[in-house]
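Participant: Each chain is listed here by its residues.
Number of protein chains: 2
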Amino acid sequence: MDNFYFYSPTYFVFGKDEENRTGELVKKFGGSKVLVHYGGGSVVRSGLLDRVKKSLTNAGIEYVELGGVKPNPRSGLVYEGIDLCRAEGVDFVLAVGGGSTIDSAKAIAAGTVYDGDFWDFYCGKYIDKALPIGTILTIAAAGSEGSGDSVITNENGMFKRGATGDGIRPTFSILNPQLTTTLPPYQTACGITDIMAHLMERYLTNTDDVVTTDRMIEGLLLAMIEEGPKVIADPLDYEARANIMWAGMMAHNNSCGVGRSQDWNSHDIEHELSALYDCAHGAGLAVTFPAYLSFAYKHDVKRLVQWAVRVWGCEDSGDDEATVAEGIRRFREFLKAIGMPGSITEFGGKAEDIDHLAHSACFGNGRDGYLHGFVKLSEDDVKEIYRRML
Amino acid sequence: MDNFYFYSPTYFVFGKDEENRTGELVKKFGGSKVLVHYGGGSVVRSGLLDRVKKSLTNAGIEYVELGGVKPNPRSGLVYEGIDLCRAEGVDFVLAVGGGSTIDSAKAIAAGTVYDGDFWDFYCGKYIDKALPIGTILTIAAAGSEGSGDSVITNENGMFKRGATGDGIRPTFSILNPQLTTTLPPYQTACGITDIMAHLMERYLTNTDDVVTTDRMIEGLLLAMIEEGPKVIADPLDYEARANIMWAGMMAHNNSCGVGRSQDWNSHDIEHELSALYDCAHGAGLAVTFPAYLSFAYKHDVKRLVQWAVRVWGCEDSGDDEATVAEGIRRFREFLKAIGMPGSITEFGGKAEDIDHLAHSACFGNGRDGYLHGFVKLSEDDVKEIYRRML
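As they're listed, the protein sequences go chains A and B.
My numbering puts the first residue of the first sequence at 1, with every later residue one more than the last.
My numbering puts the first residue of the second sequence at 1, with every later residue one more than the last.
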């Protein structure tokens with residue numbers, strides 16, 4: 001196990017109706033003037049936004065609003081948010097929504113107290129300071145409610161970059177599973193896939209002797225396999241929603257990723273799919289992960305046998321290749337059963353795009369022609385992985 | 001799943017040699033004058049205390065010292081620590097040792113900033129404020145390095161009480177598995193048992209639909225079953241020590257105990273054993289837990305079948321009673337294999353003490369004649385459980 005530090009100081013408030021405590025929580029953590037940040041649509045229609053604002057008012061907290069966050073949140077709105085926070089003397093940023101809204105709020109919170117251009121953080125500058133951030137989560141997926149990460153798309157070129165730092169770990173996060181019951185099955189399944197991918201990116205490691213975190217990841221994957229189909233069958237299943245929501249946070253606050261190298265090749269490969277085809281990130285991951293595993297498993301067959309046996313209940317027949325193949329087959333079958341695509345053609349992917357996709361994955365974002373995760377992948381390797389997604 | 005809040009703001013620094021960063025960490029979290037609190041013996045002999053003091057001096061941090069913490073830490077030393085902190089203007093309390101030292105440090109940190117008698121906290125007053133606390137952990141067992149709990153023995157009557165509150169969650173905790181390699185096998189095994197007991201106390205729940213936390217607990221138990229025997233066979237096995245140390249923290253910071261009722265009957269039953277026979281807490285738990293399970297399993301056979309199958313690899317034969325019995329047998333066998341006692345007679349327990357033990361368990365600490373955990377236990381029930389430990 002490698003040396004590490006782990007810091008997850010967020011105050012998590014979980015359960016039915018807890019969003020009505022928003023005002024009280026902002027007050028507890030010292031906020032007096034809040035930016036309420038959100039997308040639009042369902043947060044407004046469902047009445048959630050009104051309940052949150054009422055809670056702030058009841059606690060005597062002033063606020064200003066900034067809606068309009070889009071999936072793959074944009075830099076333009078971040079600049080707008082920073083200007084607004086400075087002009088209005090905002091001292092607390094509240095995100096009401098999913099991963100995109102939270103990531104946008106994190107960028108605004110960091111940018112407001114920074115003298116330079118907030119984009120510096122998305123070019124590698126560590127974020128150690130930001131306005132305190134609160135989140136009210138409406139989809140179990142990205143794990144941004146408990147992480148120190150944020151991804152923003154720069155509108156000047158439309159490219160995505162990530163930033164990181166303890167400064168943007170949320171001060172509090174409210175997780176009410178009821179708020180996720182109105183999500184359509186497809187979006188729910190995308191969230192489930194994203195959570196499982198966050199676990200798999202940590203599972204695929206080159207660090208030896210990581211028994212404790214291996215077992216935690218396997219446990220969380222098993223929980224997703226048990227609970228995922230329940231919410232697809234019955235979107236109103238509160239208990240399954242609750243189990244998925246807590247697993248989604250645990251999958252990405254890094255409790256089970258500490259002290260080990262992590263992969264993230266699949267995320268890099270997927271980002272090209274959602275950029276080109278505008279598919280949902282989770283749907284892209286559903287296609288990417290099995291294809292990637294079928295290519296990369298040879299790098300550490302024993303680890304993948306362990307995964308097939310413990311997570312997918314495969315028999316350890318002694319024929320490692322066959323065991324891994326069966327594990328991947330069951331993974332694909334699971335993703336299909338919850339409604340995820342099995343091929344990029346299902347969201348418009350074409351064989352003739354593969355050269356572009358692979359080149360962009362390997363040379364975009366200033367990369368050196370390779371992806372350096374669990375396995376080092378060349379451009380040709382990445383092409384082969386994309387071909388397996390057809 | 002029940003509503004809950006979860007808050008574990010401790011900054012964990014994990015790995016080889018990390019205690020040399022103590023001064024830097026105290027500074028990072030605003031300390032300028034430290035109380036260095038410890039027991040004695042090995043912390044001094046091993047040179048750890050000197051390394052820690054050197055690290056403080058190198059960072060320009062002043063300190064005063066208070067040693068002498070005993071297992072089952074006493075109120076007298078806490079009062080002494082509070083007086084010392086006030087007289088010297090201490091603004092940071094640093095515990096160097098195991099659970100007893102950390103619990104004592106927590107009491108001092110809370111008492112120093114409190115106008116009344118610190119014992120109020122151990123009579124039920126919630127601790128929301130204390131001096132910041134740092135810990136340098138030397139044994140994987142109690143989980144106090146990541147918890148908001150502390151247990152102190154009042155010398156005026158020699159009774160134990162617990163206090164709790166977010167105010168005493170450590171600000172930082174340094175976990176270096178190397179520091180645990182000099183522990184004798186017996187103490188190591190007691191620690192392993194304590195960690196498994198912390199997991200089991202959470203596993204035994206009356207809350208339905210807790211799949212995610214069930215799976216996490218099972219994963220952590222499996223890690224202990226895999227790694228425990230390795231450190232008993234080879235105390236210098238760093239990797240196994242590391243896995244156990246992180247599992248010990250995760251077992252008790254409540255990540256996997258949220259949203260569910262918990263048990264703690266076994267801890268209450270054990271406390272009488274360590275009080276009367278002065279046995280190690282872990283050794284008492286090793287005898288208590290299997291006896292308790294053999295009595296209590298009927299309350300929710302299906303849950304115990306799940307445990308036997310998933311944790312101990314028992315076959316689910318359909319004969320639930322037999323499956324649970326086999327799980328308990330494997331649990332006993334595991335504890336015996338790591339060197340734990342299988343009967344209270346091994347540390348001086350006698351049949352004629354049982355009436356006293358059961359009465360004290362059920363009526364001590366202001367109790368109402370029953371223990372109210374997973375199963376409600378009467379005095380007669382508790383007698384029967386003690387009889388099964390002979």
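Mixed in with the good hints, there may be bad ones.
Identical chains blur together in the list; that is why a pair holds if it fits in one copy or across any two.
[Claimed, not checked] No farther apart than 30 Å at their CA atoms in a straight line, the calculated lysine-lysine pairs in the DSSO-like style are these: (1) LYS28 to LYS129; (2) LYS70 to LYS336; (3) LYS383 to LYS336; (4) LYS16 to LYS376.
No lab work stands behind these hints, which were simulated from the structure alone.
Participant: Now tell me, hint by hint, if it's right for this structure.
Facilitator: Do the hints match the structure? See the list:
1. In this assembly of identical chains, LYS28 and LYS129 lie within 30 Å of each other by CA distance both inside one copy and across copies; the values are 19 Å within and 14 Å between.
2. Taking the shortest alpha-carbon separations for LYS70 and LYS336, only the intra-copy value of 27 Å comes in at or below 30 Å, while the best inter-copy value is 59 Å.
3. Proximity of LYS383 to LYS336 under the C-alpha cut-off of 30 Å is restricted to the intra-copy arrangement: shortest distance 23 Å within a copy versus 55 Å between copies.
4. Taking identical chains as interchangeable, the C-alpha atoms of LYS16 and LYS376 lie at most 30 Å apart only when they sit on different chains, with a minimum of 28 Å there against 45 Å within one chain.
Checked against the numbered hints given earlier, this structure breaks none of them.
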